[in-house]
Amino acid sequence: MTSVAPTNADLALGTPSASQPGNSPRKFNFNLRESGIYLAFAAIVLLFTILTGGDMLAPQNISNIIVQNSYVLILAIGMILIIIAGHIDLSVGSVVGATGAFAAVLMVNHNVPWPVAILATLIAGGLIGAWQGYWVAYFGIPAFIVTLAGMLLFRAVTLTILGNRGIGPIPDDVRTLANGFTDGYLGNIGLGALGGADLFTLIVGILAVAAIAWTQWRQRAGRLKYNQAVDPVWLFITKIAVAAVVVMFVVVALARYHNLPWVLVLLAALIIGYSIYTNRAVFGRQIYAIGGNLQAATLSGVKVKSVTFWLFVNMGVLAAVAGIVFAGRLNQAGPTAGNNAELDAIAAAFIGGAAVQGGVGKVVGAITGGLIMGVINNGMQLLGAPSERVMLVKGAVLLAAVAFDVYTKRRAGASR
Amino acid sequence: MTEADIILRMQGITKTFPGVKALSDVNVDVRRGEILAICGENGAGKSTLMKVLSGVYPHGSYDGEIFFDGEPCRFAGIRDSEHKGIVIIHQELALASNLSIAENIFLGNEQATRGMIDWNKTNAAAAELLRRVGLRENPTTQVLDIGVGKQQLVEIAKALTKDVKLLILDEPTAALNDDDSAHLLELLRGLRDEGITCVIISHKLNEVMAIADRVTIIRDGQTIKTMDLATDEVTEDKIIAGMVGRDLDNRFPPHESHIGDEVLRIEDWTVHSPTQHGRVVVRGANLSIRRGEIVGLAGLMGAGRTELAMSVFGRTYGTNISGRVFKDGKEIQVKSVQDAIKHGLAYATEDRKRYGLNLIEDIKRNVSAAGLKKLAKGGWVDDNEEYKVADDYRKSMNIKAPNVASIVGKLSGGNQQKVVLSKWIFTDPDVLILDEPTRGIDVGAKYEIYTIINRLADEGKGVLVISSELPELLGLCDRIYTLAEGRITGEVARADATQEGLMTLMTGQEVAR
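Chains R and W, in that order, are what the protein sequence lines are. Take the first sequence: its position 66, counted from the start at 1, is 66 in the numbering used here, and no numbers get skipped. Every position in the second sequence, counted from 1, becomes a number in the numbering used here once 1000 is added.
Simulated from the structure, these hints should not be mistaken for lab results. Treat the numbers as computed from the prediction; the structure is a model and nothing was measured. Using N, Cα and C, we set each Cβ at its ideal position, and we do this for glycine too. Just so you know, not all the hints are guaranteed correct.
Taking CB as the label site, the calculated pair distances span [as the list claims (entries may be wrong)]:
id, chain 1, residue 1, chain 2, residue 2, range
1, W, Asp1382, R, Ser306, 47 to 57 Å
2, R, Arg165, W, Lys1374, 35 to 45 Å
3, W, Glu1331, R, Thr408, 46 to 56 Å
4, W, Thr1141, R, Ala156, 35 to 45 Å
5, W, Lys1374, R, Gln219, 33 to 43 Å
Listed next, the stretches of chain R that the computed footprint assigns to chain W, with coverage defined by at least 3 CB atoms under 8 Å from CB atoms of chain W [claimed, not checked]:
id, stretch
6, 222-230
7, 288-302
8, 307-318
Keeping only pairs whose Cα atoms sit at most 25 Å apart, straight-line, the calculated DMTMM-like set for lysine to aspartate or glutamate is [what the hints assert, rightly or not]:
id, chain 1, residue 1, chain 2, residue 2
9, W, Lys1353, R, Asp231
10, R, Lys303, W, Asp1428
11, R, Lys225, W, Asp1382
12, R, Lys239, W, Asp1428
13, W, Lys1162, W, Asp1029
14, W, Lys1395, W, Asp1382
15, W, Lys1395, R, Asp231
16, W, Lys1410, R, Asp55
17, R, Lys303, W, Asp1339
18, R, Lys303, W, Glu1500
19, W, Lys1373, W, Asp1362
20, R, Lys303, W, Glu1385
21, R, Lys303, W, Glu1331
22, R, Lys225, W, Asp1383
23, W, Lys1327, W, Asp1428
24, R, Lys409, W, Asp1382
25, R, Lys239, W, Asp1383
26, R, Lys303, W, Asp1029
27, R, Lys239, W, Asp1430
28, R, Lys303, W, Asp1362
29, W, Lys1388, R, Glu388
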């Protein structure tokens, strides 16, 4: 039973390293399709920094970019999951409006304590997602249509709840979550030429860097234990160093301005949580399986309908989070809240490397895509560009990003 | 026989795909006004030949000459061949199901005056054509509202609008019930009498015998012989002998089976088509598999092999399924793929690219796809363990790739198949159903797949192999079931099995039940 197979034509396929996979360090293999987005982001930041004479990276502006774009970034997290599974959600802008309105009515008109109101709003968002998930997953209507209907439906709900006017002001606690900063718990320290900075914020930043280094090191150690290929040491250290510099740069800027925005804390938690979840959880893996090949996933025992349904529920809950944050930031729930937010979220996902056919994408990519849009918005405003020109540039960037994706895929296909 | 009686002559046709010679020096003559049947096993090269003829494979992509009406032809595409009056009706019908019958008939050939479609003219002309093909339907009926049999007639009506001289039908009755088949064959006779020459490609030898004037047999990409039903003493056995006449060489690893208790039994399994109302795809099938046994399931295209397998595997095909499934002697309910996996069933599909693999993902994520729960603690996947599992399979299955992070879409067919097998072996099944496990794989990799299948049987698993290649079943299996038109028509032990015997059963010659 140990017959040796005859010479095999498949050998032709093997690359030279085929016989030596073992634990030899991976050759530095630059993947433009995966890394391009981060380079593009760095280039855009650099461009606007130069054009604005450094205003782009001023402490206050960095803080503004984060706070202003937070709700779109929250939506982008949910959107990328939906897009990975091969669907789309056009309704999130309206859901932001509806959930924000719901929260505001509870808190302002009915004096419901804010934690209860937030919990109720998240549940409402989940129910909205369940409604859409039912039609997509179990009834079999394409998500495009279901959520297009949802876009109208939930905007109508928003207007009905609000009676076509803004409701506010939002309680301070909720405003703080959306717009506020951590107190200077530990006082300030001097940073030489940079002036005073909040010690607490700095410590959080240092801890974050340490956490990044520690998890990366643990992952590397685990892989080495299992004889897997890993980055060479210099690349491993460089990657951590770059991450550390970026994190510390932002943290120092924040520490010098108004300390840590609470919404950044929320956002960081969501990004980390969802990144791990998509990578490591069975459910997360199944999202990729469905988007990569629906039939194969079905025949491999993935409960496709259930996964799709819960993806939309998740999107609804995240839209509710975004809705609360948006209302808190503006200090009122308005009839137009969240208008066009779905387009920003979808654009963020695609700029961030999601594939049009599904099956590909990363949470961090979508966040980067969202930040690219945010930086363009912010940078052009600093330059005093009219809004039509901002739109023009954002449109061009979206088209270019997807064209790049399609192009690299075609090239990869042709080289087979 | 003069040259003028030959409407089509294909001479020395050779067509090579990378690594495979699909056609080798094929010669076919078609006489004016006859019905010629082309017979051959699955994969013998019949469809390739028709694609060469119709221009799907344009002139220059093959060697050899085609003469139509005495003139040499160099078709660059289907339009050219249709222009000459050669029309092919493929097995998968090419109708726009949401358009009306009349619109389909005149698709690409719209009846227009001054650029505007003349609907009265269109529908009147369509009605006339429908009368000719004997289809009693309103021309404005949507195609999706009529059955496949009638759709076939619409295709023929469409061909008639193109001033067809040579009509080629690829497996025209494969999807039809008996009445529709009979009607179609009658129509073909009528067309022949009107002077339209027909070529039909068919597995159903009784139909061939009933309708054809001559039979050309193709095997392994070569023309074997042509027989005249009027003058030669043609029998179905003679056709079968020509179709299979190939000997078994040493392409199979030696294997001795150690057969244990029954592990899976299917009783009175009946499956209806999900798309065609009332069509029964599998009828009252009974079969059993024992531990350590490799069981073959033989059947021609459209016999219901895949449909049988998929309906058992968590009802992934079919509606209105009835019958009972027993695992280790106990009846089990398998209503979903999850149930099937839980009960130790595995099904590796015949179309691994469309149904078996996530081609944009890497090896490890494909290997873990069906057994992910085994790698997860509390819903969290252990990445490193996943890598290790996949890497172990890479080594034991001899998957040729630099590492398990290689993208599956870039592997060769044989290696992709090994990934599919790894995926299912990882679920630790008791029964593996392998649908065409060696389709599109070169000889060397086939040997490896056979070795793996033997190893699985030696581990005490039951294996059901579905294959179109009879030599493969004869070389691999301990026992072979034959399936024809949804019925199990025979059960043959390896010692008693011959290609001729199986082919006879597969063509449904001995359906006494």
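Here is how each hint holds up against the structure:
1. Judged by the Cβ atoms, the range 47 to 57 Å given for Asp1382(W) and Ser306(R) is violated: they are separated by roughly 23 Å.
2. At about 56 Å, the CB distance of Arg165(R) to Lys1374(W) disagrees with the hint of 35 to 45 Å.
3. Checked against the hint of 46 to 56 Å, the C-beta distance between Glu1331(W) and Thr408(R) comes to roughly 52 Å, which is consistent with it.
4. Look at Thr1141(W) against Ala156(R): about 40 Å separates their beta carbons, and that is inside 35 to 45 Å.
5. Against the hinted window of 33 to 43 Å, the Cβ-Cβ separation of Lys1374(W) and Gln219(R) comes to about 22 Å, which falls outside the hint.
6. With 7 residues bearing a CB less than 8 Å from a CB of chain W, the stretch 222-230 of chain R meets the requirement of three and the coverage assertion stands.
7. Only residues whose C-beta sits within less than 8 Å of a C-beta in chain W count toward coverage, and the stretch 288-302 of chain R has 12 of them, enough to reach three; the restraint holds.
8. With a cut-off of 8 Å between beta carbons, the stretch 307-318 of chain R has 0 residues touching chain W; three or more are needed, and the interface restraint is violated.
9. In summary, the hint linking Lys1353(W) to Asp231(R) is not supported, as the alpha carbons are separated by about 31 Å, beyond the 25 Å threshold.
10. In summary, the hint linking Lys303(R) to Asp1428(W) is supported, as the alpha carbons are separated by about 20 Å, within the 25 Å threshold.
11. The straight-line distance between the Cα atoms of Lys225(R) and Asp1382(W) is roughly 13 Å, inside the 25 Å bound, and the hint therefore holds.
12. For the given pair, Lys239(R) sits about 40 Å from Asp1428(W) by alpha-carbon distance, which is inconsistent with the 25 Å threshold.
13. For a cut-off of 25 Å, the pair hint linking Lys1162(W) to Asp1029(W) stands: about 23 Å separates their Cα positions.
14. Between Lys1395(W) and Asp1382(W) the CA atoms are separated by roughly 20 Å; this keeps the pair inside 25 Å, and the hint holds.
15. A distance of roughly 23 Å separates the Cα atoms of Lys1395(W) and Asp231(R); the hinted pair therefore holds under the 25 Å criterion.
16. Straight-line distance between C-alpha atoms of Lys1410(W) and Asp55(R) comes to about 47 Å, which puts the hinted pair past the 25 Å bound.
17. Among the hinted pairs, Lys303(R) with Asp1339(W) is consistent with the structure: their alpha-carbon atoms are about 11 Å apart, no more than 25 Å.
18. Taking the CA atoms of Lys303(R) and Glu1500(W), the gap is about 44 Å. The hint is violated against a cut of 25 Å.
19. A C-alpha spacing of about 18 Å is found between Lys1373(W) and Asp1362(W), which places the hinted pair at or below 25 Å, so the restraint holds.
20. A threshold of 25 Å between alpha carbons decides the hint, and for Lys303(R) with Glu1385(W) the separation of about 23 Å falls inside it, so the pair holds.
21. For the given pair, Lys303(R) sits about 24 Å from Glu1331(W) by alpha-carbon distance, which is consistent with the 25 Å threshold.
22. For the proposed pair Lys225(R) and Asp1383(W), the alpha carbon gap of about 12 Å is at most 25 Å, so the pair holds.
23. Straight-line distance between C-alpha atoms of Lys1327(W) and Asp1428(W) comes to about 15 Å, which keeps the hinted pair within the 25 Å bound.
24. Of the pairs offered as hints, the one joining Lys409(R) and Asp1382(W) is violated, with about 30 Å between alpha carbons and a cut-off of 25 Å exceeded.
25. Only pairs whose Cα atoms come within 25 Å are accepted, and Lys239(R) paired with Asp1383(W) is accepted, the gap being roughly 21 Å.
26. With a C-alpha separation of about 54 Å, the suggested pairing of Lys303(R) with Asp1029(W) is violated against the 25 Å cut-off.
27. Distance hint between Lys239(R) and Asp1430(W) is unfulfilled; the C-alpha atoms sit about 46 Å from each other, more than 25 Å.
28. A C-alpha spacing of about 21 Å is found between Lys303(R) and Asp1362(W), which places the hinted pair at or below 25 Å, so the restraint holds.
29. Note on Lys1388(W) and Glu388(R): the hinted pairing is violated, with a Cα-Cα distance of about 54 Å set against a maximum of 25 Å.
Figure legend: structure checked against the earlier numbered hints; hints not met, in rising order: 1, 2, 5, 8, 9, 12, 16, 18, 24, 26, 27 and 29.
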